[in-house]
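Participant: Taking the hints into account, I'd like the entire structure generated from these sequences.
Protein sequences appear in the order of chains A and B. With the numbering used here as the guide, the letters of the first sequence map in order to residues 192 to 343. With the numbering used here as the guide, the letters of the second sequence map in order to residues 149 to 253.
These aren't lab readings, by the way, just hints derived from the structure by calculation. You may find that some hints are simply not true.
Claimed, not checked - Now the stretches of chain B that chain A is said to cover, found in silico as 3 or more residues with beta-carbon under 8 Å: (1) 159 to 165; (2) 187 to 200; (3) 225 to 231.
A virtual CB, placed ideally from N, CA and C, is assigned to each residue, including glycine.
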Amino acid sequence: MSDTLIFYLVLHIILGSAGIIFLTAYLLSLSKKEPDSKSLKSSSFLAVLSFIGSWIFGGLYYTSYYGKVVKPIILKGQYSWVHTILMETKEHLFLFLPFLTIALFVITALGKKGLEKNENLKKSVLRFAFIIVGLGITAALAGYMISGAVTK
Amino acid sequence: MDKELKMIQGVITGSMLVVIFIAVVTIASEVSPLFKDWLKITFGHHWVGKSILASIVFVLGSTISTLIARETTIEEIGKRINLLTYLVVLCSVAIGGFFIFEASI
Numbered sequence: 192m193s194d195t196l197i198f199y200l201v202l203h204i205i206l207g208s209a210g211i212i213f214l215t216a217y218l219l220s221l222s223k224k225e226p227d228s229k230s231l232k233s234s235s236f237l238a239v240l241s242f243i244g245s246w247i248f249g250g251l252y253y254t255s256y257y258g259k260v261v262k263p264i265i266l267k268g269q270y271s272w273v274h275t276i277l278m279e280t281k282e283h284l285f286l287f288l289p290f291l292t293i294a295l296f297v298i299t300a301l302g303k304k305g306l307e308k309n310e311n312l313k314k315s316v317l318r319f320a321f322i323i324v325g326l327g328i329t330a331a332l333a334g335y336m337i338s339g340a341v342t343k
Numbered sequence: 149m150d151k152e153l154k155m156i157q158g159v160i161t162g163s164m165l166v167v168i169f170i171a172v173v174t175i176a177s178e179v180s181p182l183f184k185d186w187l188k189i190t191f192g193h194h195w196v197g198k199s200i201l202a203s204i205v206f207v208l209g210s211t212i213s214t215l216i217a218r219e220t221t222i223e224e225i226g227k228r229i230n231l232l233t234y235l236v237v238l239c240s241v242a243i244g245g246f247f248i249f250e251a252s253i
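Facilitator: Here you go:
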């Protein structure tokens, strides 16, 4: 694998992890009795940038290297289900993340008065953000298993 | 505030459309090799095709939904966010379940 492809893969992992961290910070901040709207806005915005970056660099690695080199190795090994189930699911569920995070940012930026005053809206946004974090963690865990299946 | 709520409503609708679109296109491209080949030929890779088409659905869906949105309330926005959350769970399960089913046959 070339240095450029390693760079793409590392950026995909780092930015994806950063997106999860920013969203976790968002969840913790929104859970407070009096959430700081600036902190919510910045953490959701940084999560948007992180997931878009991870999407682009992951896509560059996936389309130029994974399918041609990594996928055949996994399919020939004893853990072929790691590709047929985990990778196939991960690559498509990942597509949800940038759009849902943009939606979360728009809700946070434009609906800050509602988030401060309306407890039901706050609970709805908390559940929504929690599901996005869950999707991100699922994609990350699948990524670790896919990497592990290549060497075995 | 009304304009802001309409924009939030529009983006939530755009998100709902894109989540459904990704689930449908993912399953359709596995069921129909012709459709997957069309994505590959048109966009260079089926996943790139899904990414570009999903972006178009999200932008157009959010914009049109914002433009045609009726007056709404904070309570209504909360209900729509709940609906979007359920839809994300449902479509995630559909995608994961489909690949488990496909691998088992």
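Participant: If a hint holds in the structure, say so; if it doesn't, say that too.
Facilitator: Hint check:
1. 159 to 165: Held - the stretch 159 to 165 of chain B has 4 residues with a Cβ nearer than 8 Å to chain A, which meets the minimum of three.
2. 187 to 200: holds (count 6)
3. 225 to 231: Per the Cβ count (5), the hint holds.
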